[in-house]
Amino acid sequence: MLPDSAPFDPRRILEVLARHEVQCVVIGGYAAVLAGIDIVTRDIDITPATDQANLQRLAGALGELHAAIRVRPGEPPVPLPADPRLLARAEILNLTTDAGDLDITSRPDGTSGYDDLKQAARQQPLGKGLHIAIASLEDIIRSKTAAGRAKDLATLPQLRAALERRGRRSAN
Amino acid sequence: MLSASLLVQARRLAGLSQRELAARAGVAQQEIARYERGRVTPSLERLRSLIAACELELTFGLARADSSYDHQIAAALALAPAQRLEQAVRDAQPLRAARAQATRARASAPADVLGVIRALVRAGIQFVLIGELAEVLHGSPLVPVTGTVTIVARAGQRERLSTVIAASGGMPAATPATPAIDAPARFTLKALGSELVIEPAPPGTQGYDDLRRDAVAIQLGEDLVVMVTSLVDLVRIAEASEDRARVPALRRTLELATTPPAARAA
Chain A
1 MLPDSAPFDP RRILEVLARH EVQCVVIGGY AAVLAGIDIV TRDIDITPAT DQANLQRLAG
61 ALGELHAAIR VRPGEPPVPL PADPRLLARA EILNLTTDAG DLDITSRPDG TSGYDDLKQA
121 ARQQPLGKGL HIAIASLEDI IRSKTAAGRA KDLATLPQLR AALERRGRRS AN
Chain B
173 MLSASLLVQA RRLAGLSQRE LAARAGVAQQ EIARYERGRV TPSLERLRSL IAACELELTF
233 GLARADSSYD HQIAAALALA PAQRLEQAVR DAQPLRAARA QATRARASAP ADVLGVIRAL
293 VRAGIQFVLI GELAEVLHGS PLVPVTGTVT IVARAGQRER LSTVIAASGG MPAATPATPA
353 IDAPARFTLK ALGSELVIEP APPGTQGYDD LRRDAVAIQL GEDLVVMVTS LVDLVRIAEA
413 SEDRARVPAL RRTLELATTP PAARAA
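So the protein lines, in turn, are chains A and B. Per this note's numbering, residue 1 is the first one in the first sequence, and the count goes up by one each step. Per this note's numbering, residue 173 is the first one in the second sequence, and the count goes up by one each step.
Calculated from the structure, these hints are not laboratory results. Backbone N, C-alpha and C define an ideal beta-carbon position, used for all residues, glycine too. Among these hints, one or two may not hold up.
Covered stretches of chain B (in silico footprint by chain A; criterion: 3 or more residues with CB under 8 Å from a CB of chain A, positions within the stretch not fixed) [to be verified]:
(1) 232-245
(2) 265-271
(3) 314-324
(4) 406-419
Using the sequences provided together with the hints, build the complete structure.
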């Protein structure tokens, strides 16, 4: 997010990804906030399927969002070539788009990527016909535990509490 | 400045004055003052012994460097505090809407947090702002997704607070519901789409007088100035809270906010 950046509009990012039929799972803070967690920053994290056809569609979506690579604070972002081969090579891409920051991680810590996360992901309706695949709470916890950064570990109690709440609701 | 803020946090968590800490540690009060002002940086051993005199332990270890917050903190620090709040409230709205959709709650209207603050200021309530809005005003990257205004009010304002709450369509949002400032109380302010939380003494603090001492006056509008708890004290509250989820973001914000901009990028 730069001082003159456009408003953070995660819905637009998700709509563009859906329109381009990008297969991906939403993870990270955005997924956590939907589960009731209050620790969230202005970005959205996704893990895409890494087959050639999907990466081609992802490149198209990123082009529409005018995605560029975030570098060091205060430095202008570097334009992202619309090249699926680059997307295939990069394990992590921290991007800025005209709808906010988008982080693409092909293998989040503690997981083996899209196919792994897809198994337990749920389809989350977000209104007006938009559905997205959201990583399960268990997988978010697994990934944050494996990442092991202070900020990941600090949110684990809230995530575990959310998991327990959901378990109690299911039991009732 | 990291040593300075750690020492201030430790001393205040222990409820000690500089003079009392100096007596306990067997050093001159001026030495403590110099460390806390950042004029002199204590050695690690010295800092550890001063923190031990507060009956706290300075723990440390090696962890992977994490600069993932830096981009957003740097962007926030480049703005004036009022702009930080404006952007953060704006950016919180799509998250609140998505959460409402996911939980099948009623779509949440934008929280008029400025309206709540204005109502409190206009009523002449003496308070300091804490919580997610105070954090944002200091440059925190965490989005104020709850739309809650959290304050610590000076004692003896029960009637005036009750009037403001009633005028804002207030109703208790949790039990025990008492428009008092001697127990935590939470109110839904229907007219402003927001919640007001009144905390008598946040964790790790002694309440209003303690936080007011280092609070900073921040202009939010032409005729709206609010007292905001200092970032050091916000870290202190987060550290002492049962849920420490906000600590990493606030610590990093404090580190970057006390680093000159040129050194930040490096």
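Legend entry - Verdict on chain A covering the stretch 314-324 of chain B, where coverage means 3 or more residues with a C-beta closer than 8 Å: holds (count 4)
Legend entry - Coverage of the stretch 265-271 of chain B by chain A (three or more Cβ within 8 Å): holds (count 5)
Legend entry - Outcome, coverage hint (the stretch 232-245 of chain B, chain A; C-beta under 8 Å; three residues): holds (count 9)
Legend entry - Coverage claim, chain A over the stretch 406-419 of chain B, checked by counting residues with Cβ within 8 Å (three needed): Held - the stretch 406-419 of chain B has 5 residues with a Cβ nearer than 8 Å to chain A, which meets the minimum of three.
Consistency note: the structure conflicts with none of the earlier hints.
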